[in-house]
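K.L.:
These protein sequence lines are chains A, B, C and D, in that order.
Per the numbering used here, the first sequence starts with residue 1, numbered consecutively.
Per the numbering used here, the second sequence starts with residue 1, numbered consecutively.
Per the numbering used here, the third sequence starts with residue 1, numbered consecutively.
Per the numbering used here, the fourth sequence starts with residue 1, numbered consecutively.
There could be a bad hint or two in this list.
PhoX-like mimics (lysine-lysine), calculated; alpha carbons at most 25 angstroms apart, straight line [claimed, not checked]:
#, chain 1, residue 1, chain 2, residue 2
1, A, K70, C, K32
2, D, K6, B, K75
3, C, K199, C, K89
4, A, K6, C, K47
The set of hints was computed from the structure by calculation and includes no laboratory data.
Each chain is listed here by its residues.
4 protein chains.
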Amino acid sequence: MIVVMKPNSTQENIDNIVKTIHSLGLEAHLSKGQEVTLIGIVGDKEKFIQKNPQIMPGVERVITVSESYKLSNKKFHPEPTVVDVRGVKIGGDNFVIMAGPCAVESKEQLLESALAAKAGGAQILRGGAYKPRTSPYSFQGLEENGLKYMAEVRDITGMPVISEVTSLKAIDAAKEYVDILQIGARNMQNFELLKAAGKSGLPVLLKRGLSATIDEWLNAAEYIMSEGNPNVILCERGIRTYETSTRNTLDISAVPVLRAKSHLPIIVDPSHATGVRDYVAPLCKAAAAVGADGLMVEVHPNPACALSDGPQSLNPEDFKTVCDELRPFITLAGRKFE
Amino acid sequence: MIVVMKPNSTQENIDNIVKTIHSLGLEAHLSKGQEVTLIGIVGDKEKFIQKNPQIMPGVERVITVSESYKLSNKKFHPEPTVVDVRGVKIGGDNFVIMAGPCAVESKEQLLESALAAKAGGAQILRGGAYKPRTSPYSFQGLEENGLKYMAEVRDITGMPVISEVTSLKAIDAAKEYVDILQIGARNMQNFELLKAAGKSGLPVLLKRGLSATIDEWLNAAEYIMSEGNPNVILCERGIRTYETSTRNTLDISAVPVLRAKSHLPIIVDPSHATGVRDYVAPLCKAAAAVGADGLMVEVHPNPACALSDGPQSLNPEDFKTVCDELRPFITLAGRKFE
Amino acid sequence: MIVVMKPNSTQENIDNIVKTIHSLGLEAHLSKGQEVTLIGIVGDKEKFIQKNPQIMPGVERVITVSESYKLSNKKFHPEPTVVDVRGVKIGGDNFVIMAGPCAVESKEQLLESALAAKAGGAQILRGGAYKPRTSPYSFQGLEENGLKYMAEVRDITGMPVISEVTSLKAIDAAKEYVDILQIGARNMQNFELLKAAGKSGLPVLLKRGLSATIDEWLNAAEYIMSEGNPNVILCERGIRTYETSTRNTLDISAVPVLRAKSHLPIIVDPSHATGVRDYVAPLCKAAAAVGADGLMVEVHPNPACALSDGPQSLNPEDFKTVCDELRPFITLAGRKFE
Amino acid sequence: MIVVMKPNSTQENIDNIVKTIHSLGLEAHLSKGQEVTLIGIVGDKEKFIQKNPQIMPGVERVITVSESYKLSNKKFHPEPTVVDVRGVKIGGDNFVIMAGPCAVESKEQLLESALAAKAGGAQILRGGAYKPRTSPYSFQGLEENGLKYMAEVRDITGMPVISEVTSLKAIDAAKEYVDILQIGARNMQNFELLKAAGKSGLPVLLKRGLSATIDEWLNAAEYIMSEGNPNVILCERGIRTYETSTRNTLDISAVPVLRAKSHLPIIVDPSHATGVRDYVAPLCKAAAAVGADGLMVEVHPNPACALSDGPQSLNPEDFKTVCDELRPFITLAGRKFE
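Could you build the full structure based on these sequences and the hints that come with them?
P.N.:
Listed below in structure tokens is the structure:
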């Protein structure tokens, strides 16, 4: 942590800060320049932050240099985390595809989607039972019935299942039926939900918030992990920018940035990032090439009749084509995909 | 709702869409241009949206022209909503200041803050008992004890109290103690929370999400109102942009935009928008001048020791000065402030 | 300037950097923490930056703490700059309104606009002769003829005139006719243009780029000032964000931020910021209240027939009303407006 | 073009607009719904836009459905454009790499860079002679001398050369020496420069502005093309967002979006997009996989001594490795790279 002093700060201001630092049992290192004086603080800075140094007399600003997330930080855990879900491995040198409908509409629709997903090569079935929708008048999901269908379809297909949870009640229900809990973009900083997901014992896929920085995202992962749950999967799904030709802007650079900062597996969701079916195939290839650990893709037996996000869903035939074209890119990226 | 056809769409494509529209009991109006063909749809469009027209053959895009929010929409409720909280009126030609500490730290700190807030002219006491914090290692609030202090300080000062709720459990607790529930920016699209706040029967102050559009915000208000709760107060608190010299960017234009679109009262929070104490005073004046219905400002007896957001908090003396300078602007804006 | 070392950096890495610093005649101050080592550099850092320390072995990142702009920096020039344009003073405790049509269309239209501007109280006439337009097929301005009309209308009304320049050729022409050169948002980092404007000897109004940070903006001002021209006026005109209910987002906080960082006068342009006539009046009041030194507003005798930006232009009657309502806010803000 | 009427608009308002449309020789199609009335306009809408329909009585908003760019529009020119530069083909099923130093510093440095670029497989040499820099105190480039070195190094290596132009004077000089003119992000809407580049007769690489929408970008291309120059190459180099872990955010989706809207070749520049050397390699692969027509990458014989953007430059050895790893991705994407 560094305190930058104002040009017109007095020696008394500086002495006062150094005294505070020492009183907390920390070390202070002074760099006095012509224009600016810096004070470096060494030791447990949390104590010093609590003193609100930004508003001490003579202070211009305070710069934090070490990250507040620890468990999700590569510095303290250099080996990549591999999450094992009923034998399907996420992370390491594996590549995983999670596919399925945006919303679970019926057992039939879900089973048909699952078979299409499996035919393409997807290992995990996704499906939404609790749907966060911008308007209260849009379809809100089948809730617990949707989860039941997911468990039933898993029993038929053998595919582990993932579903979004939007409340503590949904987590309680989901624990009975699904293999991975998904926290959606809108809930990335719903800290109560993160803690409860952490306590659930299930792996958690954490989507990036629409305007979350990568550091805020890793801090959100920290909420889950600090409850004793190491199995967090990050999912980049586009951020909000001024550009309107896609629903959001896929931040593909987030993959190498996360790789440098964290050991957690990274999944890319091109369906939600773009909102446009035609852009899903090229972005799947980009995600594989850039080094992602997998994809989340929307597949629906009949996108034209989908109750949610039909325009971005692939039909079974197109999904098969996308996967077939994608497979050599995955191999070239050095990943196992089975 | 308008369907824009691709330049190369066929007559069959057009006929097909018109047929679908008619089959739903809706009217279709065709505009055939040289470059583009438009189909206007008249009637209950929700039915048509469910058919995912964006992916019907020949369609380029679909444009929605009417808003999905109804209860919060000025078109259907032209008179301004006035929320009455124990006799303090929010909205109409009144001006209200909600002031107090970011976090409740103790009964003494809260009482001291309340007296400072009252001395400046604030009618309502704010204070955080459940604190959503980016890092799990930061101070998370006194929770139910904090709420108790709020009720006690209300009894002493006579000021109605507002506090943020972050979970269903927090709402249950808050109902016993506070007069207004606050939904924070991070929870603006936590729909479970919105619905529960709607059912609570208490007025709800809804902060704008960090990257929420005004339409999404009004749809979030709709979630609360569609539970039978008409007492929603909107609070602009800055949006996320690329500019880093302030913590967020206060979208001051949101006030006249909301005034044109909605009948709900609008509060501005310059403390969270800027994160810098020195910018609070000028932005308070700007908010009064632009026509806001009130302000939310952080006041702390000793900002240097605040456990949360000290750098943006005013001390009692500064708060008094800000309010004294602000008062004539409020009067000039045609508002009552007592 | 501070160098932050990686956690796994070696003593050799650190020694190597310190050696480089010393070899340049600079001082190095070491702060060795448990997690991180910092090296503070004192002296002329420009030399050290040229060594690209970001990529020296063991370096995590480099933090610059002093601003690169000097002439526009309040630290080195604490007194507010007052620009005098034919007796009209911009900055200090004065308030100025620049009003007129987006584009000069004819002498008659310009004169009528000028009289309307003057009737409302505007001291300076604005008008575009060189129009930067998104599409090459839109009206591009009357160019030099437009400038001639401006000079003629100045002679009739006595109002100093300001017009946008978009090329070196336009600057050459404008020097003959106008009193203030305007650099538009799209050209804020057209450095050739900035330098030529600096050399022109005329005052320069510099609009903020659509996605320029405040620091980049002050660096752009520095380009003008480093050519020996101290008369720079800054104009906030909205930044690009994801919000679409206004054309841009007026960053009202930029006014107090600039006031803290620079001595240059600050003008606000609500017409371009919002693109909507109805939002101009409230934002004018907000700008006066927040402490701006003036406004730039579009006025057109007949907005419905304006060749450019009609929808955001006020007609003469509305402009008069806006100014009449605005006047007491200006007075309350402690400004002279004559 | 569609006019959306306000809910409270009168029959007179509607009649008035229809009359105006007819008076311009255009067709009007009325869709009267319960909540909203739409008027579709068929014919040359430019005439109608000039009437500023947004501010006609009773109008809520006006929606434009056809693009204002024509020459760069795929609708009117479905075949992909292939730009031939001294035999190197850009576009179609070719893949091109443009590599070299950010700034030309000396003939030796440039030649060394060129040989490194060529060794990796790059076909075209990039190098900056006129450097747009945020601060006037940073190195501004060798200007015409830099261009001369480029021509000399082309003669030695046989590689066509590309360099950025920042003024009309720079274009005049560059025409003598280089094969492709580059327009930088900051000048994307410097329309004088675009027109002059269009008239130069040379191919033009047009970088996307930091906050330009894809439609604004294609309109900027239109400025060049409307001067009779069909050889425009688009270059995505990252957009400005709130995320700070990369210098800009590479909008990888822009590649498929542009492919759908335009016939022009598309290049990706990961060096400027991220500003971080370590992220260049993965993003090169992503760009090839997503279907880009090529890359622009910074290579410097000694990044630690580079006068500009050293931290994002690859050294010769690393560039060779990046290209070797990239090659199979290019092949897999179905491109020729020789």
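K.L.:
Each of the hints needs a verdict: does it hold here or not?
P.N.:
How the hints compare with the structure:
no. : hint             : verdict
1   : K70(A) - K32(C)  : holds, 20 angstroms
2   : K6(D) - K75(B)   : holds, 9 angstroms
3   : K199(C) - K89(C) : holds, 21 angstroms
4   : K6(A) - K47(C)   : holds, 23 angstroms
Against the hints set out earlier in the document, no violation occurs for any number.
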